[in-house]
Amino acid sequence: MDLKIILTAVIKVSVVVGALQGSVALLTWVERRGAGLIQLRKGPNRVGPFGLFQPIADGIKFFFKEDIVPPFVHKPTYVIAPGLALCCALLAFAVIPFGGTLVIEALELEVPLVIADLDVGVLLLLAANGLGVYGIILAGWSSNNKYSQFGGLRSSAQMVSYELALGLGVISVLVMAGTMNLSEIVESQTGGPWYVLMNPLGFLVLLVAGFAEVNRLPFDMPEAESELVAGYHTEYSSMKFSMFFMAEYINMITSAALLVTLYLGGYSVPDFLVGWLGLEGWALTFAQVGSFVIKVAFFLWLFVWVRWSLPRFRFDQLMRLGWKTLIPLGFAAVIWSAIMIWRFPGWFS
Amino acid sequence: MMSLSILGAMTTLQTGLFGLVAALAVLAAIAVVLHRNPVVEGLFLVLHLIAVAGLYVMLDAHFFAVIQVLIYVGAVMVLIIFVIMLLNLQPEAKGGSGLVPAFFALVLGVGLVSLLVRAELAFAPASEGLELAEGFGSVAQMGAALFGGYFYPFEVVSLALVAAMAGAVVLAKRQLEG
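Just so you know, the sequences run in chain order Y and E. For the first sequence, counting from 1, position 105 maps to 105 in the working numbering; every step adds exactly one. For the second sequence, counting from 1, position 99 maps to 1099 in the working numbering; every step adds exactly one.
Derived by calculation from the structure, the hints in this document are not laboratory data. Be aware that a few hints might be false.
What the hints assert, rightly or not - Keeping only pairs whose Cα atoms sit at most 20 angstroms apart, straight-line, the calculated SDA-like set for lysine to any residue is:
1. Lys146/Y <-> Ile1084/E
2. Lys324/Y <-> Gly1148/E
3. Lys4/Y <-> Lys75/Y
4. Lys12/Y <-> Lys75/Y
5. Lys75/Y <-> Val1032/E
To be verified - DEER-style ranges, computed between Cβ atoms:
6. Leu1027/E <-> Lys61/Y: 14 to 24 angstroms
7. Phe53/Y <-> Leu1161/E: 51 to 61 angstroms
8. Ala1166/E <-> Ile339/Y: 21 to 31 angstroms
9. Arg41/Y <-> Phe1147/E: 54 to 64 angstroms
10. Val1162/E <-> Gly191/Y: 32 to 42 angstroms
11. Ala332/Y <-> Tyr1150/E: 25 to 35 angstroms
Claimed, not checked - To spell it out: a stretch of chain E is covered by chain Y in this simulated footprint if at least three of its residues, at any positions, have a beta carbon under 8 angstroms from a beta carbon of chain Y; those stretches are:
12. 1039-1048
13. 1079-1087
14. 1163-1174
Think of the CB as a built atom: it goes at the ideal place given N, C-alpha and C, for glycine as much as any other residue.
Given only the sequences and the hints, what does the whole structure look like? Please build it.
Laid out in structure tokens, this is it:
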């Protein structure tokens, strides 16, 4: 294989992983300041301007805390679990396109701004998501603690249930786009209207299922503090705890990115804007990445907003919502897509 | 993506990768049988299934590989491990399972392996330089096959699966009420 291709791949992966970690750090700050804003208190505001350096202080603290492995745990699985959770979270993001193809003429390179441009992209994301469940289940089981175990069991039940609704929300778009390649799905929305306008029901199903998949309030049963201490990560400390934490936030970013890519045009920049500003080359790429980041940032804020506004569901309510409301609605959304194609074939080229 | 378009001309890298993945699959399968902790056995089965998905990738069947991970690892095995954890099965006690079961296991094992070897010998290896069809293993081709030539068998199988699910629910309900 060409050295240039390997180098660009390495650079792309490093930039994306770095950007993800940086976003996680920023998100923890946004989360706590957002909580302060919503609950009429201040939030962390001491370290640096507006408390912006708080995540750095937290990171240093995580590194220097003692890494305790309790004597009663099943050690191999206890150690593997946080790494598994983090790896799967990172793997899922690999198929998300965050920009169009960048042409670097000086090096005779065409760089598609996605780590893995696969024809089975969406499926790989769902599969990585499914693997991520193991991190949580194993953490719960290996900790040998009834609260952890309950958290693990709840999360496996929850994630398997909501994966179905998530899949149906994704299929609604696949039916309209006629491809599973996420870059092609974005391209198909670049000229025409976004899929959210054609199938708002599918968008709603995917949004709610996304909240449940990342275990965020109002669906944070696996770590319900008031019932389970801290759920599946009760026995974890130091960097191992921090890895679960990072995995959760990266999953949030992936979930938001999936919504944006499937229903809101992903990285696409409106045609009139491209023509009006005369965007091309690097400028166009920056505009595309900017468009993607702004949309994702909005949904990340929505995650924070909802978390500090709504109370938690009861477990039976959660299961009823998943199986008896979201899944039928998901099927309705798929049929909606089919009807759209049948009645308005001109909208889908 | 790098693709294995020519079966005959496997590079050393690909052969090495195949050996690695195949060895992983076999070792994980052996561990499933030998380990004494049910949850760990379940995890080794997960590893085995992932390794098999790796073999599918090398055969250019990307769709199958991802579906294998999505369905078997992401859904079926999660439920199996869920049940093992709920039942709170303890690790098996040390000690064998008696001579008679061991004898039958040996006979069945030897029989199965010899059958496999026979089947393997009966087929000639693929001829050198065999080209894969354009778009082999792609999602589009799978979809075209399922909703084209195999439409009726596919629908009949779906119906049979729905019937099986409905049957399971009815049986479970009857036991709850009875």
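Hint by hint, which ones does the structure fall short of?
-> Hint check: 2, 3, 4, 6 and 14 fail, others pass.
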